[in-house]
Amino acid sequence: MDKDTRNAIERATQKGRRLLQDDFAAQLEGHFDVLLSGVVAAKVGPHLSAREQLQREKIVAAIEHKRAAGMKPDDAVADYIRDAAFTTLNRLVALKMLEARELVQECISRGEQSGGYKEFCGLAPGLALLPDAAGYRLYVESLFDELSVEIKVLFDRRDAASVLWPRRQTFDDLLAILNAQELSGVWAEDETIGWVYQYFNSGDERRAMRDASQAPRNSRELAVRNQFFTPRYVVQFLTDNTLGRTWYEMRKGDTVLRDRCEYLVRRPGEVFLAEGEKVPPEESTEGMSQEELLRRTVHVAHRPKKDPRDLRILDPACGSGHFLLYAFDLLLAIYDEAWADPDQPKNEATGHTLAFDFPDRQALLREVPVLVLQHNLHGVDIDPRCTQISQLALWMRAQRAFRNIGLPRAERPRIRRSNIVLAEPMPGEGDLLGDFTASLGDPMLGELFTKLVDAMKLAGELGLLLRLEQIVRMPGKGQLELLAPPEERIHSTLLRFLNTAGTDQRTRRRLFADDADHGLALLELAGQRFDVVLMNPPFGACGAGAKKEFEKAFPRSRNDLYAAFVERGIECLHRRGLLGAITSRTGFFLSSFQKWREEVLLKEAPPTVFADLGGGVLDSAMVETAAYCLE
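Be aware that the sequence shown starts at 450, since it is given in my numbering, and climbs by one per residue.
Just so you know, the hints here were simulated from the structure itself, not pulled from any lab data.
One thing to keep in mind: the hints can contain errors.
Unchecked claim - Within a straight-line C-alpha distance of at most 27 Å, the following computed BS3-like cross-link-like pairs (lysine-lysine) qualify:
#1 Lys1052 x Lys727
#2 Lys754 x Lys727
#3 Lys452 x Lys515
#4 Lys754 x Lys1052
#5 Lys1001 x Lys900
#6 Lys754 x Lys795
#7 Lys906 x Lys515
Just need the whole structure built from these sequences, with the hints factored in.
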């Protein structure tokens, strides 16, 4: 996507954000009696209908939830308005992209003249006569409800950020921005949603944050400062030499990825060793020319085959999901190739080969997109907006895979799970926490949950850098089996806790339950090990609130967040697992990173490939970068 097109997306995103935030701020103060200062009117005004009173309770509960997490009153209101504006904008952008892929009928591109709305009105003719386009709103919200079955995190209207709806003029102006001619070519591009995410926060906003404080002051600042698009060639280079390389070695070079992965580093003299065969001592390279070094014999250690369902890929700072999207493409080829392999390994969970579980190739191809999202791809981010976007992007990529095999929309399997995890503090409201732990009915389980809540206080700043898997060690009890029975019991109790709430408590308990589920998902992920870790991690100083804990946890890598992410990524790998990262290049020559180089990289995961990229790679980021893979 060229610079002019990206500039057009940036202008549209910033205009849309301003429109929505101004409108929503006016609605909060002028209609719902919630002031921008954080003051909430004690009494509900008589101008609110019964439905609007319930909506107001949701808004107030969401703002109070943010305050319980440590935000000041005015910051909590501002953050709620941002959440609502981004969610609204992102949903409409998503509908534009789904239209371009023929995954929904025309619904946004011509507003109330859209073909989908006209058909909707044909079923209920009175809708078009409702004032203030209420019928069109009902239609659009029905689309949200339909899509939320598979893309819940973005389209779930139970989310408190969904309460506010733009007023008629704002909505019309927003549609005019999205339907402008200069954007007509962007909606079919997969990366558009990622640029909308990056441009929602302006460059001026990032500069103001840096001017105000050298270190991020909270999790939002950390996320905003590190929103930099990873170029496609970097994504390919790192994924080709980790996931691609892993499969290439498992197949001893006999794979379609050999030619498909255009950045895969291969040597002409590679010799693949058999199981049990040891790598012979390396010959001396002294005096060899570059040509001789390239062509000398390189022995590749035996890498046992795996069922594709057992290949696990993690991006611990996934952003809008660029690494995961390209990994998805490679996995489609991997599954197809594995199915035809006469020497297939068995799946760890089922004990069956891929061909046994899918005797017919077409049956396999029909299910592969679901299998990839269910088993293979995992992502974590501290920004809820990222989890919205990456799940949407992966869902759209799965729909393209279905379309490419000619599977009609009505026959496509439902995608009910993706492993994208939001890292944020777990619920801390004292009364709800006490009520919930008591409802668990098991003191040990209550202690585990309380420890998890305490450990998650810094999740919004540290994400997967928190070694949550260590908290399941209970005094005198040995190590609990990670999650299995405890997770299921906690989750089922959360459902009961939510369903037994009265109307006045339902929103608070839903927020509590959602945060608890995020914490359990992060704990489950922290306990897994992966074949491949890919990342464009945050760089620079750790947030001020987490600095002490960060430096204690990562004494060898505390100079920079990216160094700690690399160290943690190595911890998350299986033996012989591969990590690919693009980071600042400073760690490879500054003396302050000596321990990181010597004790983390060279001892635990030496580099396999390295590219010194220099400056100008990460869009507007003023950093010189390197892209490298470690084993």
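Each hint tested on the structure:
no.	hint	verdict
1	Lys1052 x Lys727	holds (20 Å)
2	Lys754 x Lys727	holds (18 Å)
3	Lys452 x Lys515	violated (37 Å)
4	Lys754 x Lys1052	holds (26 Å)
5	Lys1001 x Lys900	holds (19 Å)
6	Lys754 x Lys795	holds (9 Å)
7	Lys906 x Lys515	holds (13 Å)
Hint 3 from the earlier list is the only one contradicted by this structure; the remaining hints agree with it.
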